[in-house]
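Asker: Given next are the chains, with one letter for each unit.
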Amino acid sequence: MIIVNYIASVVLVVLGLYVIMTKKHLIKIVLGMSIVDYGINLFIVSTGFNEGGTAPIYKMSEFFRGSFFVDPVPQALTLTSIVIGACVDAMALSLVVKLYKQYHTTNSDEIRRLRG
Amino acid sequence: MSYIHFPVIAVMTLFMGAFLTVVFGRKSKAVRNILALAASCTAFVLICCLIKPVLIDGEIISYWMGNWSPVEGYAIGIGYEIDQLGMFFALITVFTVLMSCIYSIRYMERDSALDFYNVLFLMLSGSVLGLVLTGDVFNMFIMIEIMTFTSVGLAAFRNNKAGSVEAGFKYLVIGSIGSSMTLFGVAILYGNCHTLNMAQLSSILAGKLTPSTLMAFALMFTGLAVKSYIVPFHTPAADAYTTAPASISMVFSGMVNKAGVYGMIRLVYIIFRAMDKSSVQLLMVIFGVVTMFVGVTMALAQHDFKRLLAFHSISQIGYVITAAGLGSALGLTAGLFHAMNHTLFKGLLFLCAGAVYYAAGTTNLDKLGGLSKKMPKTCICFLIGAFSISGLPPFNGFASKWLVYQAVYEKAVTSGNIFYAFATVAAVVVSVMTLASFIKVTQAVFFGQLPASLENVQEVPALMRLPMWIMSALCVLTGVFYDQVNKWLLAPAAGAALNVSGYIDRMMGEGYAAEAGVVNIPVFAARFSFWNPVVWLLLFIIVLAAFCLAIIGSSGDRASISSAPADAEDGKYATFFSGEKSMPSHVSGSDLFWGFKKNWKGYFKVMDGIHSGRVNDYALYVVCAAALITVFVFGFVR
Amino acid sequence: MEYLKILFNILVFPGCLFVGAMGLLLSGIDRKVLARMQKRVGPPIIQPLYDFLKLLGKETIVPKAANRKVFLGAPVVGFAALVVTAALIPVLGYRAFEGSADLIVLLYLLTIPAVALIIGGSSSGNPYAGIGISREMVTMMSYELPLICIFLAVAKKVGGSTLCFSLSQIAAYQQANGSLIGCVSLLPAAAAMLLVIPAEVGTQPFDVAEAETEILEGPLIEYSGAPLAVFKLNTSMKMYIMTALFSALFLGGLATGVTALDVLIQVLLCIALTLICMTTIHAVTARLKIEHLFKFYWTVVAGLAALSLVLVWLGF
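Chains as they are written, first to last, in our numbering: chain U, 1 to 116; chain S, 117 to 754; chain A, 755 to 1070.
Take the hints with a grain of salt, since some may be wrong.
[As the list claims (entries may be wrong)] Cross-link-like lysine-lysine pairs, in silico, DSS-like; alpha carbons within 30 Å at most: (1) S/714 / A/1043; (2) U/24 / U/101; (3) S/489 / A/812; (4) S/493 / A/818; (5) A/1043 / S/713; (6) A/818 / A/808; (7) S/490 / A/823; (8) U/98 / S/143; (9) A/986 / A/1043.
These aren't lab readings, by the way, just hints derived from the structure by calculation.
Based on the provided sequences and hints, a complete structural model is requested.
Answerer: Structure (C-alpha cells):
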C-alpha cells in the first residue's frame, strides 16, 4: 500500500485526460493518451506490492508455504499493458502522419470533415 | 476430439488464418479468399457443433487453459467458460463473420492491399469470438484491445477516400480512453479480490460493495459503454461506420457493438450481480432511452446513406440497453432478441448500402434516386430490412420491439414508477421516427426519378446478393417463428445470465457458490401474449386472394399502358407544358420532412453543434459522462 | 366448422363486406351532411358506391418511371391490413376473435395502410407524390404519440396493477363497470382520440398529405382505375375502423346482449361520431400547414393524452 504511488497514478490519469480534452495539436493528444496509459500501469504494478516481500523468483526447492513475496500477477498485467500502450502509440502516430499528408495541418479544429 | 476444445480451436483458427494470410496470401487473390473462407467456415462449424451440448442439453463448458485448474478454491489460470449467454453471442458473431466474408469476396475487389484487409478482418473476428467465450476479465480486456486496433485499421482502410483516416483517429482516441477505463477498473478489482476469474469475482463481490469496488464498477461500466456506442460515447461510431467498407460496417454494427453489450450484461448481471438494485436499473434505462432518441433524431438529418444507418444502429442499441437494464427475465429476453434481430436487419441494410455504393459509386442521398428499376433484387432486400427495423409485422423487428414495449410497461406497473411509462411512449415514438427515416431513404435511393448520371447502373454480382438473401430469409423466419427462437435460443441465454450460481459452480467446483452465499434471481419464463397464428393466416389468405384478383384484373383487355414521358412527342402536348422540356425534379432525401425539421430547428442546431467533429469535444463528452456515472454510482448504489 | 366461422368473420361480418359497406355508408353520410352544412344539396348517400364501381371500370395506367409490382401491390396490402383490423375490433358485444386482439398489434396494423399509401406513392416516381408522402409521414409521426398515450392510459385503467391490452377484456370490463367515457380521468383521452381520428382518416383540416389544390392528390396522383378504387375504399374503411375503435374503447358500456341490436347501435354510434369529429370540423376549418399540424399534435393533443395517462397513474 504505497499511497504516493496511487496518488501519482491518479494525477497522471487526470493530467492525460486533461491533455486529450484541451490540446489542439494531434501529437499532443497522442501524448495525452500515453500519459493515461502510464498512470494506469503505475497503478497496476503498485497493487501487487507487499511491504517487505522479496522478488517472486524461486526455484521449486526454495518454494514453501509461508514464502513472502511481491505479487507477480500485476507485474504480468503491467507488461502486457505496456506493450499495448506502445502499439497504441505507434498506430496513433502513423495515423497522424497520414492525416498531415492529407489535410496539411495538425490542428484538431481543422480536421473536421465528418461532422453533424 | 472432445467438443470442449472446440471454442479455443475456433478462436485460434481465426487468428491462424490471419497469420497464414500474411505468409501465403500476399500475391494471389485466390489463396487469400480461400484462406479467409476456410477460417470463417471452420469457426462457424465448430461453434455450431457446440449448439447441442450447450444450448439443447444445458451444459456449461468450462475450459482452463494449460490445464491450470483452481488450487484450493483460487483460480490461477485463464479460464474459458461457455454458457448459454456466451453461446448466443458466439452464434451471432460467427454468422456475421461468415456472411461478411462471402460478401467481401466480390465487394472488395476494386480496392488494393487486400491482404491487409483479410488479416485485419480475421483478427477482428477472432478477438470478438474470444471476448464472448472467455471467463477471465483481463482476457476480456485484451480481446477488447485487439478489437479496437483492428477496427481502427479497418475504419481507416480506404485512406484515399476523404475522412477515413480522420474517422480512424477519432475512433482510436475515444476507444483508447474507454479501454483505459476498463483496465483501471480491472486493476482495482484485482487489488480487492486478488483474482481475475469472473466466476470467482462474482462469488467474492456478493454484497461487498466497498467504495473501491463501486469505483471499479463505475469505471468498467463506462469503459464497456464506450465499446457499445451508446450516447454520449457514440460519436466515433457514426464516423467509423460511414468510412469503413460496407462489409466491415456490417461487422461493426452486427458484432462489435454487441460485444460491448455482452460485456455490460456480464458486468452487471454476473460479476457484480447488481441487477436487482433499482438504481442500477434506472441508470441503464436512462442511458437506453436517451440513446434511442438522440440516435433517431440525428438520423433524420443526415445526407449520407451509411451515416444514417450508423445513427440508426446507435438508436437500436438503445432499445437493447433499455430492455436489458430492466432487470426482469422478460426484459433480458427482449433485449437479447432485439440484439439478434438488429444484427440480422442492420447487417442486411449495410450490405444493401454497399451494393448501392458498388453499383452507383456514391452514398450521397441527394445524388441517388430511382434505383429500383436498375437493381430490383437489392430493392426487395432493402425493403425487407427497412420494414424489419421499423417494426412492421410479420418481420422480426415487430416481434422484438413488441417484447421490449411489453417488458418496459410491465416494469412500470410492477415498480410503480411513471418514468418507465414515459419510456414506453418514447420507445414507440422512436419506432415511428425510424419508419419515417427509412421511408425517406427508400424514396431518396430506390424510388423517385433516376438521375442521368446513374443510367448505366447494373445489379450487383450474385456472390454479393447471396448473403443478402440469406439474411432477408432469416429476418422473415425469425419474425414468424418467434416462439421457436425463444425456446431454443433466448430462454436458455436469459436463464444463464440470471443463474449465476450455476456459472460459478461449473468454473470453480461444485458447492463453491453455496459457500459464498450466492442466491439466484428467480426466473420467470417470458410470455408472448400477442400472437394468434389464425390472425396472420387470414392476413396471408386475404393478401394472396387480392393479389390474384389484381393480377387477373390488370391483364387482358384492361391491360395497363405504360405512359411515356411527355417530351417523347412534340407539338401535340406542347400547349400543356409551354413548350418547355421537362426537367428532372426528383424529390431528394434532404427535402423530405422539412415540416418536422422546421419545428425542431433549435434542437437540430444544438445537436449539430454537439457533433462538431473535433476529437477534443468527443473526449470531453466521454469524461463528463464518466464523471456523472461515478457520482451516480457513489451516491445511489447501495 | 371452425374454419367456416373464421372465413365468415373475415369475409362477411365484421370483415370485408361489412366494413366495406359501413365505410362507404359513413363516407356518403359525411359528404351529404357536409354539403347541407355548406348550404348545398350534395351527392346522394350511396354516391361513394357509385364512384367505386365506376373506378373499377376505368383503365389502369402504370407510369413508365414506376416500379410496377410495388405500384400495383400497395393498395392490396393496405386493404388486407384494414380487413384484418376490422375483424379484430369487437362490435360492442360481439367479439370475433377472443383474446388475440391486442392494442399494440392494432397500433401496428393501423400503420400498415398508411405505409402502403406512402410506398405506393413513392414508387410512382412523381415528384408531387414525393412531397405528398413526406407530409403523410410527418402526419403519421404527429398522431402516433397521442395515440400511444391514449392506449397506455386505457390499458392501465382497465388492468389496474396488471396491464390489460386485450380488447375483449376491455369490452368485458366496460360491460361490468360502465363505459370508460364516464371516468373523469379518461375524458381528456377521449377528447384527444376525437382529434386523432380526422388525422388518421385524412379529412380536413388535417388532409395536408392529399391537398388537392396544392399537390394534386399527393401520393395518389399517378393512380387510376382499380388501384385508385381500392385506395379510396381504404380511406372509407378507415373511417369506420377508427370510429369503431373509439366506441370499443370508450363507449363499450352501451352493449346489450343481442347481436343484431348491438350492430344497429354500433352503426348509429359510428354515424354520430363521424358527424362530430369529422364532418363538423371539416365544415368550419381550413387546411393546416404541415408544421402547424405537427406542432398542434405534439403540444395540444399529446398534452391531453399525457394528462390522462398521469391521472390514471395517480389512481383516479
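Asker: Look at each hint and say if it fits the structure.
Answerer: Hints versus structure:
no. : hint           : in the structure
1   : S/714 / A/1043 : holds, 12 Å
2   : U/24 / U/101   : holds, 18 Å
3   : S/489 / A/812  : holds, 26 Å
4   : S/493 / A/818  : holds, 19 Å
5   : A/1043 / S/713 : holds, 14 Å
6   : A/818 / A/808  : holds, 25 Å
7   : S/490 / A/823  : holds, 14 Å
8   : U/98 / S/143   : holds, 25 Å
9   : A/986 / A/1043 : holds, 23 Å
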